[in-house]
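All chains should be built: construct the whole structure from the sequences, respecting the hints.
There are 2 protein chains.
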Amino acid sequence: MKKNILRSKIIQIFLKHKLSKKHSEICADYLIKAELVEAKSHGLTRLNMYCERIRRKLINAKPKIKIKKINSSISYIDADNSIGFVSADIGISQAIKNAKKTGIGLVGIKRSGHYGLSSFYAEQAVKKNLIVFCFTNAPPALAPHGAKKSLFGTNPICFGVPTGKVPFILDTSTSMINRGKIRHAEKFGKKIPFGVALNKYGKMTTNAKEALSGTQLPIGGFKGSGLAWMVDILSGVLTGSSHGGKTKDPFDDFTGPQNVGHLFITINPKVFIGKNFIKEIKKNIRLIKKLPKAKGFSSILYPGERKNFLYKKNMNKDISIPKKILKEMDDLNAI
Amino acid sequence: MKKNILRSKIIQIFLKHKLSKKHSEICADYLIKAELVEAKSHGLTRLNMYCERIRRKLINAKPKIKIKKINSSISYIDADNSIGFVSADIGISQAIKNAKKTGIGLVGIKRSGHYGLSSFYAEQAVKKNLIVFCFTNAPPALAPHGAKKSLFGTNPICFGVPTGKVPFILDTSTSMINRGKIRHAEKFGKKIPFGVALNKYGKMTTNAKEALSGTQLPIGGFKGSGLAWMVDILSGVLTGSSHGGKTKDPFDDFTGPQNVGHLFITINPKVFIGKNFIKEIKKNIRLIKKLPKAKGFSSILYPGERKNFLYKKNMNKDISIPKKILKEMDDLNAI
Numbered sequence: 001m002k003k004n005i006l007r008s009k010i011i012q013i014f015l016k017h018k019l020s021k022k023h024s025e026i027c028a029d030y031l032i033k034a035e036l037v038e039a040k041s042h043g044l045t046r047l048n049m050y051c052e053r054i055r056r057k058l059i060n061a062k063p064k065i066k067i068k069k070i071n072s073s074i075s076y077i078d079a080d081n082s083i084g085f086v087s088a089d090i091g092i093s094q095a096i097k098n099a100k101k102t103g104i105g106l107v108g109i110k111r112s113g114h115y116g117l118s119s120f121y122a123e124q125a126v127k128k129n130l131i132v133f134c135f136t137n138a139p140p141a142l143a144p145h146g147a148k149k150s151l152f153g154t155n156p157i158c159f160g161v162p163t164g165k166v167p168f169i170l171d172t173s174t175s176m177i178n179r180g181k182i183r184h185a186e187k188f189g190k191k192i193p194f195g196v197a198l199n200k201y202g203k204m205t206t207n208a209k210e211a212l213s214g215t216q217l218p219i220g221g222f223k224g225s226g227l228a229w230m231v232d233i234l235s236g237v238l239t240g241s242s243h244g245g246k247t248k249d250p251f252d253d254f255t256g257p258q259n260v261g262h263l264f265i266t267i268n269p270k271v272f273i274g275k276n277f278i279k280e281i282k283k284n285i286r287l288i289k290k291l292p293k294a295k296g297f298s299s300i301l302y303p304g305e306r307k308n309f310l311y312k313k314n315m316n317k318d319i320s321i322p323k324k325i326l327k328e329m330d331d332l333n334a335i
Numbered sequence: 001m002k003k004n005i006l007r008s009k010i011i012q013i014f015l016k017h018k019l020s021k022k023h024s025e026i027c028a029d030y031l032i033k034a035e036l037v038e039a040k041s042h043g044l045t046r047l048n049m050y051c052e053r054i055r056r057k058l059i060n061a062k063p064k065i066k067i068k069k070i071n072s073s074i075s076y077i078d079a080d081n082s083i084g085f086v087s088a089d090i091g092i093s094q095a096i097k098n099a100k101k102t103g104i105g106l107v108g109i110k111r112s113g114h115y116g117l118s119s120f121y122a123e124q125a126v127k128k129n130l131i132v133f134c135f136t137n138a139p140p141a142l143a144p145h146g147a148k149k150s151l152f153g154t155n156p157i158c159f160g161v162p163t164g165k166v167p168f169i170l171d172t173s174t175s176m177i178n179r180g181k182i183r184h185a186e187k188f189g190k191k192i193p194f195g196v197a198l199n200k201y202g203k204m205t206t207n208a209k210e211a212l213s214g215t216q217l218p219i220g221g222f223k224g225s226g227l228a229w230m231v232d233i234l235s236g237v238l239t240g241s242s243h244g245g246k247t248k249d250p251f252d253d254f255t256g257p258q259n260v261g262h263l264f265i266t267i268n269p270k271v272f273i274g275k276n277f278i279k280e281i282k283k284n285i286r287l288i289k290k291l292p293k294a295k296g297f298s299s300i301l302y303p304g305e306r307k308n309f310l311y312k313k314n315m316n317k318d319i320s321i322p323k324k325i326l327k328e329m330d331d332l333n334a335i
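One line per chain: the protein sequences are A and B, in this order. Residue 152 in this note's numbering sits at position 152 of the first sequence, and the numbers go up by one each step. Residue 304 in this note's numbering sits at position 304 of the second sequence, and the numbers go up by one each step.
Honestly, the hints are just simulated from the structure, not real lab data. One should not assume that every hint holds.
Claimed, not checked - Listed next, the in silico DSS-like pairs over lysine-lysine satisfying Cα-Cα at most 27 Å (straight line):
#1 A/K295 x B/K191
#2 B/K66 x A/K100
#3 B/K22 x B/K317
#4 B/K68 x A/K275
#5 A/K270 x B/K64
#6 B/K3 x B/K128
#7 A/K282 x B/K248
#8 B/K149 x A/K279
#9 A/K279 x B/K148
Here's what the structure looks like:
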């Protein structure tokens, strides 16, 4: 489907679900962006879920989002259960403004929802020449080290840096693979890799459905578990949002709003060494890229390069949409 | 050896190496603390190395450490090649002051050296009721994803949070296993696990000796590699210190000062939800601790609890020192 046609269709669907024109456009653009970077698990496959939560009034279609200024570096946002895209979009703009003023910005967001990829927001800060951290929590998917039950979300750590070229954007879940990838595999009857998840009996599985009812494994055992705990504290406890396994699964828990929390930290990279920062980061990347390659590698990519490549490759192509999702979209449009 | 006698001996050694009384005391206290938490690889085993670098004038015994105030949140420290303990001790105090004033503090330190455990500094901020990140770079030990040669250090991510009880302090390297474990396996002719290191030809190895001359692997492949790269950028590039594999190995590279960089970020946890923060973090820990335990676990510990337990267990005991190190100390004292 042509990108502009798809965009109109998504906007139309959100408008029918009572989102404002501006909010519908924000959501459409982020969903399409996920498709363009081939993060299909965060794209159209979630449209039906967002709409269902809006219809059930678990996502507030007409949120009154409040921004409280703590001081010139720090802001606190009450998202009023808005769709995550919208509150995070407002939040990152505020974090950018704050760091531009003082060199460092901190923005906490409470009562939000799933916001797609953290890299969407990191990229905006990097394009404004800032270093950025984005943290968000998510529904239970990972067992804390020593436990046999999921509690942490896949809790991504996202970190972005301007390079003078393609943004350096690390966006890594603390699980071996993203939950979205498992959901996508389940939806389309595909297997997941060995070594990333246990079934509910604690045995390794490559069956996506079994993995979803079991638990995912963290990177590096207790290390990844600790990192996931850190993200739960930063995005959940600190911001006054859900934490400790209380973030609701957007796909199958309709008992209330998700109450996801986000935390953005922005830093002006010139704060210590001025313009030399760009010179040094270029040198850093150059030194690493010229290392001798491991077997099977022809080049060393920094985080963000692959997504940027995919985006450029796909940006002028039609977006292919599985029949199942086309049907969902038609149904949503007929509501 | 009794703790107070050991402390006097270490101070004596540093005084003989022309450190000031105050700096000698700071170094002695951190070295003893490493012994008490059983992080022996960061304790007395390094004393000889520090002293050798001082004698070779690669560590400056009389540094003129300059603190530049960028604004009320941000400070920049030129450590003048001081021993890492001293500049990091000054740096974390400054980061604490800044966050107490504005809610968020950022301190970059350049021209520093190995500073022991990141958790030493995180703990100080947590005891002043602050959330804290500590980043430092280190000499090459890890291959970037796609490379077959080491470039990143084991680059720890350290994160601390007040809990109202024992500080939550995550202090995790981004490598699959600690280098100390590989050294131990080599010493006792044991194999190391598959998947943690490559030999010098870039092939996976379980032979400890081959691993030491090869490269260690990061947690979660490209994920851990990205995290190590993030730490290199934050502590090296941003602060104007060494980066991109240029941090000198303190044990065997005497061609110049290490030029290690550190970055501390401090946050007042009450900034968004006030006093509720402590209530919520306690709830968070309670929820996680009461999860059903995995096989082989009788309890779930949060990061920092084990080190705290060891510290308390050892704090009133004599410190056992291997003969080899006692001899080194005698030699250092005779200089």
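Results of checking the hints against the structure:
{"no.": "1", "hint": "A/K295 x B/K191", "verdict": "holds, 23 Å"}
{"no.": "2", "hint": "B/K66 x A/K100", "verdict": "holds, 26 Å"}
{"no.": "3", "hint": "B/K22 x B/K317", "verdict": "holds, 25 Å"}
{"no.": "4", "hint": "B/K68 x A/K275", "verdict": "holds, 18 Å"}
{"no.": "5", "hint": "A/K270 x B/K64", "verdict": "holds, 24 Å"}
{"no.": "6", "hint": "B/K3 x B/K128", "verdict": "holds, 26 Å"}
{"no.": "7", "hint": "A/K282 x B/K248", "verdict": "holds, 20 Å"}
{"no.": "8", "hint": "B/K149 x A/K279", "verdict": "holds, 24 Å"}
{"no.": "9", "hint": "A/K279 x B/K148", "verdict": "holds, 26 Å"}
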